[in-house]
Every structure is written in C-alpha cells, then in structure tokens.
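There are 2 protein chains.
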Amino acid sequence: MIIDCHGHYTTAPSALQQFRDQQLARLKNPALAAAALAHISDAAIRESIETNQLKLQRERGADLTLFSPRASAMAHHIGDAATSHAWTVVCNDLIQRVVALYPQNFAGVCQLPQSPGVPIADSIGELRRCVTELGFVGCNLNPDPSGGHWTAPPLTDRHWYPFYEAMVELDVPAMVHVSASCNPNFHATGAHYINADTTAFMQFIEGDLFKDFPNLRFIIPHGGGAVPYHWGRYRGLADMLQRPPLAEHVMRNVFFDTCVYHQPGIDLLVKVIDIDNIVFGSEMVGAVRGIDPTTGHYFDDTRRYIDALTLAPADKQKIFAGNARRIFPRLDALLTRQGR
Amino acid sequence: MIIDCHGHYTTAPSALQQFRDQQLARLKNPALAAAALAHISDAAIRESIETNQLKLQRERGADLTLFSPRASAMAHHIGDAATSHAWTVVCNDLIQRVVALYPQNFAGVCQLPQSPGVPIADSIGELRRCVTELGFVGCNLNPDPSGGHWTAPPLTDRHWYPFYEAMVELDVPAMVHVSASCNPNFHATGAHYINADTTAFMQFIEGDLFKDFPNLRFIIPHGGGAVPYHWGRYRGLADMLQRPPLAEHVMRNVFFDTCVYHQPGIDLLVKVIDIDNIVFGSEMVGAVRGIDPTTGHYFDDTRRYIDALTLAPADKQKIFAGNARRIFPRLDALLTRQGR
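Sequence lines, in order, name chains A and B.
So in my numbering, the last spot in the first sequence is 340, and the numbers never skip.
So in my numbering, the last spot in the second sequence is 1340, and the numbers never skip.
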C-alpha cells in the first residue's frame, strides 16, 4: 500500500477561485455583498480530480492521498480573521466532497482559519469541525500567517499551546506548511516553503516543546527543508546548545516527507534520517509540474526515487504506508474500517 | 594548495567587543562619548590567532584563509548608518592587521557598513578602501540588513546595482552572508544563514541579474543552503518560470562553499553541483565548534570530507584552490606575487 501524505487540491473548479475573487473585491469595496460559493456539481469535482490527481495517483501506483486545500492559496495574510474563516470553510468543505466521492483514494487534511495577530485558539473550532464532523485526519499549520514577514512567535512559544492541546486531544498531526509569500524576497515554492521547513526544525531544537507535548506530531514537508543536507550542522548545534541528542529531543515527534525532486536528494534523506521518520509524499499536482530532462520523468514522481533505493522491503513499506498510519491514527482507523 | 574561502575573526581581542559595547551604550544614552577602540597589541592579535584559526589551519593542513570579521556581529540592524560605519571600519582594520602579521596565512574579506533603508551606494567607499588601500580580495554582502525582517529588496533589484558596478570595477566577488537575527523565529546559524542562502539562489533564478552583470560573482556559503539537496526542485522551477537552464542562467556567476558538516552532505554537493562551482570553506572557528560523536572529528573539519571523496586529483585541486583563484582574481594576483 502506498499513501501519499502530501497532496493539495490545486485543480479545484473555477467557482472556488471566483469565491476568492469576490472576497478580494469586497476587501477593496466593503459595499459589495459577501462572497458566496456558486454551485459546484459532483461532475465538476470528478472532472477536476480524475484528469489530475487521481490520474497521476493511478499512473504512479499510489493508493491514497492525504488531501488538503491548495497551500499557496491559504494566504492567511489577506484580509482579516473573518475573511480567512470564510475562505477556509469553503476550501475544507470542498476537500470533504472530494473525499466523499473517492473515499478509497483520498483522506482529508484541513486548512486552518489563521490570521496575523489572531490567537491560534480561534482555529480550534475549524480543526474540531473538520476532524469530528468531516472525518479529516490531520491539518496544515502555518507558522507564518503574515506571508513572509514572520511576525508570529516561534512554534515552541506558548502562543501555540491551546491549538496543540486540541491536536493531542483529537490525536491528529500537523504538517508545518506556510502559504504564499507577500515578501518579494521569498519566492513561495522556491524559498518561503523551504525556509519555513528549516526554520521550524531549528525552533524545535531550541525549544522544549515535546517535553510539554510528548504526543504532538509534526510533518515537516519538502524533505525537511535544508535539514537533512545539513544534518551535521543540526546535530552539532544541538550539542552546542546543550540540547539532548536529536533522536530523543526532536525525532520522536517530527517527520519528513519525500517531496525532494531528484534521486541524490532522496538518497541523502534516507541515508541520514531514520526510516521511521520518513513518510512518502509527492506534493502533486503542485510546486514543480515539469519533466526532468535528465530522467524523462516528472520531477514530482517521487515514487520512482523510493523504488530505486536499496532498502529492505519492510523499510520501504514504512516509508510508503506504515509510518503514515502510525503518525495519523485516524487514517489508520479509517483504512482499517475499509478493510485495508 | 588549500584555500579556505570562509573564515571569520570570531576570536578577536576583547577590546573589539568593548568598542561595540560602548556603541550600544551610546545608542541608549547619546550623552556618552563616541566609542573609541582601545590599543590592541600585535601580541594580543597573535595570541588570538595562533591559538585558534592558525592552529586549526595548521592542524588541518590548509594554507590560507579568506578572513573576514565575525559575521553574526556585523548586526547591521543595530543603530544607524553612522553606527554601522564606525563598527565596520574598526572590524575591517583589525582584519587588515591579522593579514599584515600573517600574509602567508590570511587574505582579507571585508564587512560592509550596511544599514536598513540606507542606499547600498553608501557601502562602496568602504569596499574601495578595503580593496585598494588594505589589499582585501572580496566582501561579505548582507541581503537582509534588517536582521531577519527581510525589508530590503531582492538581490536582483536595481537597488543593489551601484554596488555591483563597484564590485565589477574592482573585480571582487561577494559572499552572500547575513548576520545575527533579531527575529525570534530565526536562529542565526541554524535558520537565518541557511534560509538566506536558499533565498538568494531563488532570487537569482527569478531575476536576470547576470545578463546585466556577466562578470559579477557570488559565493553562496553553507554549501548553498538548501539548494543542492533540492537541486531537482530548482531545475524544475527554472523550467516552470521559463528561465534558461541553471548552468547558463546562474551557475556561471554563483559558487557554493563546502561548509556542510557531514560526509553525506558533501557527497551530495559534489554529486549534483559542477566541480567548477564548489570552493573549499570551513567557516571556522565558527558556527559549530564541537566534535561529531559519530566520527570523532570536528564537525567543521571539512577538509576530511573532501579528502574522502573519490575525485580526480585535478578536481580536488579545483575545490581546494583553483576555483577560488579564479573567482578571486586579486587573491590569485597576491599569491602569484608571493610565488605561490
């Protein structure tokens, strides 16, 4: 079984973007009516999924994708808390419809109604709704709702604790995932995403978060940002900062996905990071859509890189499914109910 | 011959920090006298160098270090342009004294008197002084003088062009190097440095800087941040953004050092990045000072990682010295004058 832990609905029917455009227009002109989502038929959803994510899932031989709203479109920095909340509900509900249409192929991961300067406790309600009412199995937590200005406290700050308490209570992990950047220094998928991954990991080294929340679990996407490449630096910094070894201080609670788009990167990831901390992901259809001229295959066809590894079958199975089922207990329960 | 392209004077005599402390005190109380550097004897400089950088240089078998002021102490975000200028001159002059005492072992690379919101043209005078009067061979350019708030324009913006014109005229490269972070999200050496490296590279992909300045040269330190690990992502993004292949678009002008503190990271770097784009560096005595318990050797003893590579001797020599002499023509001229 192959579970792709990192997929976004980047191909939603145009009515979704029209809703967002209405929101943006109303931010400029408050006299306009509140945004309202036009009817989206099941056929339109099927079309958007079957010609994209489901097609690629089948072609590449994956079984199920943990599916969340388009990450770059979360754009928590736009508008206020009400804007973010309305947008988030619409996006999550659409994910739920995809999952309802293809319960064998997708499981839901929710966006959160974060907004700069707004307490994270305000996002608990939507998390709870998505998990308990819509059956979602995880969430995407944005460490920088300002979109590249980094005005929120570090993830180890007590600012975030109310939300972590809810995550632990509901037994769902979070993927640490920023959104679009409104800082011209940071290209979203080429800098902001990767920087956020690296930043979060270093925050976890500096802090003591997992002493307070031993069952809290984070996936750091995009192969852990720069971390595996600089694994010696992070081991050395932990030592300099008199932190415990990373294996016990951070790596009981933090996992990296395989969204690294070339074989040498995946080789490094698997060489330095414990197999138990790696979960299969492709981020498709997403950040990098093209074909690698050096291989003739899609950059984001990450299954090929895992297949090419010299690993025991049991270890590959951990990367492809076993670790995800452990990190996402609600996914495991769901699959078990499906007899898988 | 082995040239370490990345060394900082992290062990300067305490009089330097006292000068800085006077500056900081005066920022709080402008009634205080302007900071003045106490006399530093040659003996004090010799002591600080011979027990640290020179000792390690000899132990590890390097011949010469490109030596610049402590990067984390540049702290361009503190005070104003006058503060930064006075601090920079003192720091650079001290580097010059080290070089004068050990002309076979060190060559100077200067700090710049950058300050948030101040035109970069104001740094040209100090660059010119260091290069033409003090004999320095390069500079460290900070893409984020705000110290973690990223308020300056991207490096490809015309904001920076006057400085680039001076770099080209003087034929000196710059290392892209941020300083301390005053943003609690970013640990300096564990996040801010690595993020800045990644960010700069992506800016170069997005822009057309090297069309305007075909002879401009940058070293991106710390092994290029996250870039080699995500080399597939960057090749794919260049393709998606309809940029030319990276080999011609960026890699004629951009070089990565070897400040990657474990063997698998160096293995990856050399596997995916052209040998002509890699320059030896250790960043010592610096970011990570300890001994790797898995090897028994210092994390930052990067020569060992290069020595362990299966590479043709001519390729190793490029990494150790040849590339640096090409990228730093003034260093090459200096070494040639020394008969090396």
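I should point out that these hints are in silico values taken from the structure, not numbers from a laboratory.
It is possible that some hints are incorrect.
[Unchecked claim] Chain B regions said to be covered by chain A (calculated; three or more residues, Cβ under 8 angstroms):
#1 1064–1071
#2 1128–1139
#3 1145–1154
#4 1182–1194
#5 1281–1291
[Said to hold, decoys possible] With the C-beta cut set under 10 angstroms, the calculated list includes, among others, these residues of chain B facing chain A:
#6 1078
#7 1080
#8 1083
#9 1085
#10 1102
#11 1161
#12 1164
#13 1165
#14 1168
#15 1198
#16 1200
#17 1264
[Unchecked claim] Some but not every residue of chain A turned toward chain B, in silico, with C-beta under 7 angstroms:
#18 199
#19 210
#20 237
#21 264
#22 295
#23 301
Keep in mind that this is a model prediction, so the values were computed, not measured.
Don't be surprised by glycine CBs; every beta carbon is placed ideally from N, CA and C.
To see whether the hints hold, each was checked on the structure:
no. : hint      : result
1   : 1064–1071 : violated (count 0)
2   : 1128–1139 : violated (count 0)
3   : 1145–1154 : holds (count 6)
4   : 1182–1194 : holds (count 9)
5   : 1281–1291 : holds (count 4)
6   : 1078      : 19 angstroms, violated
7   : 1080      : 22 angstroms, violated
8   : 1083      : 24 angstroms, violated
9   : 1085      : 25 angstroms, violated
10  : 1102      : 27 angstroms, violated
11  : 1161      : 16 angstroms, violated
12  : 1164      : 17 angstroms, violated
13  : 1165      : 22 angstroms, violated
14  : 1168      : 23 angstroms, violated
15  : 1198      : 5 angstroms, holds
16  : 1200      : 9 angstroms, holds
17  : 1264      : 5 angstroms, holds
18  : 199       : 5 angstroms, holds
19  : 210       : 17 angstroms, violated
20  : 237       : 5 angstroms, holds
21  : 264       : 5 angstroms, holds
22  : 295       : 9 angstroms, violated
23  : 301       : 11 angstroms, violated
Going down the numbered hints, you'll see the structure goes against 1, 2, 6, 7, 8, 9, 10, 11, 12, 13, 14, 19, 22 and 23, while the others check out.
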